[in-house]
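With the hints as constraints, model all of the structure from the sequences given.
Chain by chain, the residues run as shown.
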Amino acid sequence: MFLFGYSKEARKRRDQLATLTIAGLAGFILLVLAALLVYIFVQGISAINWEFLTQFPRQSMTKGGILPAIVGTLYLALGSMVISIPLGFGAAIYLAEYAKQGPLVSVIRLGVANLAGVPSVVFGLFGLSLFVTTFGFGRSLLSGCLTLGLLTLPTVTAAAEEALRQTPSSFREAALALGANRFQAIRQVILPAALPGMLTGAILALGRAAGETAPITLTSATAYSPALPDSPLNEAMALTTHIYNLATNGANIAGTRPQQFGTALVLMAIVLGLSLVAVILRARLRRSRKW
Amino acid sequence: MSEEQAKKKQGEGEGEVEAKGKGKGKPGELAIAGVVSITDGASLMEELDEKPKAPLKIPSLEGPPEPKETFEEASRRAIPLKPRLSKAERGSRLFFLFCAILAMGQMLLIMVFLFTESVGLVFSQGGSPGVSLGSFLFGRDWYPTYPDPSFGAFALICGSLAVTLVSTAIAAPLGLGLAMFLSCVAGRRTREFVKPAVELLASVPSVVLGLVGMVVIAPFLQQTLNLPTGLNLLNASVILAVMATPTIASLGEDALSAVPQDIKDASYALGATRWETIWRVTTPAALGGLSTSVILGLGRSLGETMVVLMVAGGAAQIPNSLFDSIRPLTSTLAAEMGETAIGSRHYQALFALGVILFFMTLAFNLLAWYLSRRWRTRR
Amino acid sequence: MVDEGNLGPKGQGADGGPGGGGGRNGGAGNGAGADGEVIIKAENVSFFYGQFQALKNISLDIMADEVTAFIGPSGCGKSTFLKLLNRMHDFVPGTRLAGEILVRGTSLYGPETDPVDIRRRVGMVFQRPNPFPKSIYDNICYGPRLVGVTKKSDLDQVVEKALKAAALWDDVKDKLGKSALDLSGGQQQRVCIARALALEPEILLMDEPTSALDPIATSKVEDWIRGAGMSIVIVTHNMQQAARISDRTAFFYMGELIEFGPTLELFTSPREVRTENYITGRFG
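Chains as they are written, first to last, in my numbering: chain A, 1 to 291; chain B, 1 to 379; chain C, 1 to 284.
Because the hints were derived from the structure by calculation, they are not lab data. Computed from a prediction, not measured in an experiment: that's the story for all the values here. Positions of the beta carbon are idealized from the N, C-alpha and C atoms, including for glycine. All the pointers check out, no bait thrown in.
Quick look at which bits of chain A chain B covers, simulated, 3 or more residues with Cβ under 8 angstroms:
1) 24-38
2) 118-124
3) 211-224
4) 270-278
In structure tokens, the structure reads:
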């Protein structure tokens with residue numbers, strides 16, 4: 001006992017205290033999460049009805065619904081995936097399957113890792129400068145989709161590369177030993193095995209795209225549109241920017257609280273729903289994977 | 001090939017019988033070959049004994065041993081092996097490379113565009129003098145829309161740093177505590193439920209959190225502390241902490257769980273309690289990963305836009321207390337970009353803020369990357 | 001069951017080795033005759049991973065229709081040499097080769113040789129069973145489909161023949177549509193064998209094919225090898241296994257071929273001290 005400065009009981013008490021503190025912290029965080037979700041649900045659910053989901057806003061946003069915002073968000077999120085999935089999967093295949101260790105690959109990897117940390121508002125500036133101004137797309141769905149696509153590209157790439165790396169190299173060896181060339185091995189064996197994991201990453205990115213605000217305010221959003229967009233070059237409303245506009249510079253900030261929280265609830269349903277799908281898919285994938 | 005096949009066909013009749021007895025001596029011994037148990041080594045050996053073998057040609061065993069080839073000699077005659085690629089393969093490979101370069105090249109493109117849009121700021125233009133780098137970075141007055149505008153970003157930079165530091169001061173203990181809980185304390189069941197829940201929290205859109213900050217936290221701060229406004233540094237920090245905590249917890253948990261079980265076992269075997277093991281063995285071993293998680297959390301707070309735009313107050317001043325209103329870089333960008341003419345002084349100044357923001361986050365990311373690499377190579 | 005397994009592969013072996021029948025006829029009554037055909041001939045082969053020389057000046061002849069075993073302690077180069085025989089090292093950056101390897105007279109690494117074609121002629125089975133996460137049927141069809149067999153009836157035939165050759169047909173004929181990953185380890189490994197056999201290779205390379213299997217599954221795979229009647233090269237770390245199933249054995253040590261000869265001879269009267277020390281368990 002002389003080795004230790006305090007008695008066995010003191011050590012035990014210390015251990016219990018520390019465990020309790022850690023568990024308490026965790027409980028506190030979960031409580032905050034739960035409170036947050038419940039609060040938004042309670043505040044938002046009263047605003048939600050059929051009209052709210054299917055009508056255009058009326059009377060300076062104080063009445064009516066948020067249909068154009070829902071549609072705009074869906075267009076933007078799905079449109080961004082049209083950009084980021086092919087490019088991201090392609091880049092991931094290169095990094096996981098073809099790239100040899102070398103300066104080029106290190107630079108690409110570093111770039112992808114760092115891009116994931118670049119603030120979304122900087123992507124917004126980039127999109128504004130490149131798509132809105134230089135390419136002349138103006139503030140439009142197209143500019144927004146391209147910007148969000150580039151924004152989610154690192155996420156999609158990293159998740160897809162991870163999924164590809166988790167497929168055992170023995171699959172590749174077996175295919176090559178049977179006389180497949182490299183591309184055939186990738187397309188016929190590795191990609192089918194990795195695809196669920198890759199798509200999980202893409203779904204998470206889809207959720208992120210739907211929840212973004214700053215890049216859209218800079219590249220595509222409008223506060224109000226009387227019609228649904230019928231061309232990629234139209235401006236569009238989005239759920240996130242709609243919440244922001246109502247909460248900060250609407251005509252009647254306090255009066256539109258229910259609409260703000262109703263919109264927030266719809267947005268959360270979309271974003272968390274997508275995340276939930278991805279999380280469940282990933283868990284199921286892990287359990288069912290036999291290799 | 002067809003000739004060979006014909007030959008094979010021809011020999012097949014005889015070959016059939018022969019094949020059954022193949023390698024086992026006389027064809028008549030087929031029955032034995034079928035029933036020899038694999039564990040019966042002795043009878044197998046006997047069988048093999050009866051079987052004369054073709055003389056083997058092994059250079060080293062015939063005649064005097066050849067002089068051994070040295071490494072250099074062998075190396076000189078060696079040719080590199082590489083996969084032969086068909087045209088289609090080459091094409092697909094190029095396409096994948098293109099994707100990869102585009103994914104990375106974006107980094108360069110962003111830099112180029114931020115620079116080209118902002119570089120005009122330092123030159124005089126249409127009578128208005130250029131803004132020097134020093135006065136831009138360290139000037140304290142941000143009055144971009146005045147008739148005689150002033151572009152001093154120092155207060156904005158300070159605002160960004162202040163809100164980042166305060167929020168991390170809140171989020172780091174919470175996040176690391178949660179990471180310890182998930183990795184070392186919680187049972188498997190609990191972990192499988194809590195970790196996804198934490199990751200869900202990370203995906204709550206920032207604008208929704210900003211709304212909560214405006215509607216819930218701001219009035220609360222205002223009333224309990226008797227402040228003129230609840231939209232301030234503290235409010236923004238609290239909300240940002242809510243956003244950064246899951247990031248830190250999730251990455252921190254990965255780092256703690258990556259510590260090999262055997263060194264934890266070694267600690268328990270020496271009589272350490274759980275807490276002693278966590279604190280003296282697991283945490284030091286995971287330090288690189290843990291610090292990476294905190295730095296990435298910092299980066300996330302620094303780059304977050306909507307929360308600070310909605311709840312930080314928006315006054316471009318250097319904060320003196322937690323209850324001062326601030327205007328970080330990100331919220332300045334988002335708030336003012338909508339009302340500026342493309343190519344104007346103000347527009348250039350905003351892109352210059354983007355450059356500052358870009359490099360600040362880049363520094364954080366590189367630091368995190370460096371730490372995680374160092375940590376990985378050490379293990 | 002053994003009969004079922006043994007009868008099938010006979011045709012397979014004959015298919016694969018056109019000259020095989022003749023060779024065996026010549027030596028009727030004597031087992032493999034003195035004029036047994038050489039299927040793979042390696043001459044002065046040295047192999048490098050970067051600056052590390054993994055194989056040092058190896059020359060040996062592998063006979064058609066025989067089972068040849070490569071033994072030696074881990075890292076001795078036996079697997080490396082095996083993988084050279086169907087060009088699997090092509091995909092590893094920094095590998096270099098000196099010397100000549102001939103498959104039935106064709107230079108394996110010659111400029112005219114198509115590596116894809118070589119891999120079809122020289123089949124390979126790996127250490128761990130590695131069926132694709134597809135159905136049993138699709139696993140077997142993978143090779144034939146690559147060479148352009150698309151007709152369902154042809155594929156059905158190939159699958160049945162290959163599974164019979166691998167002595168697996170009776171076990172799986174009712175569940176060809178099931179995932180190959182649902183099978184037991186030994187069955188998975190035989191699916192991999194069948195998958196390789198579906199291409200009707202001239203020779204089959206097996207890289208420690210039983211090291212990941214339990215004893216029962218091991219004995220099934222060994223049974224198959226003993227009865228296959230085709231050219232097989234097997235790498236094994238298990239000397240008893242080499243003694244049980246091979247006709248000839250090559251002992252590798254530190255990248256060199258120490259001794260190569262008829263299995264019994266090598267195990268009962270080794271010519272080299274190092275071989276003796278290894279097979280008597282003094283090292284490795």
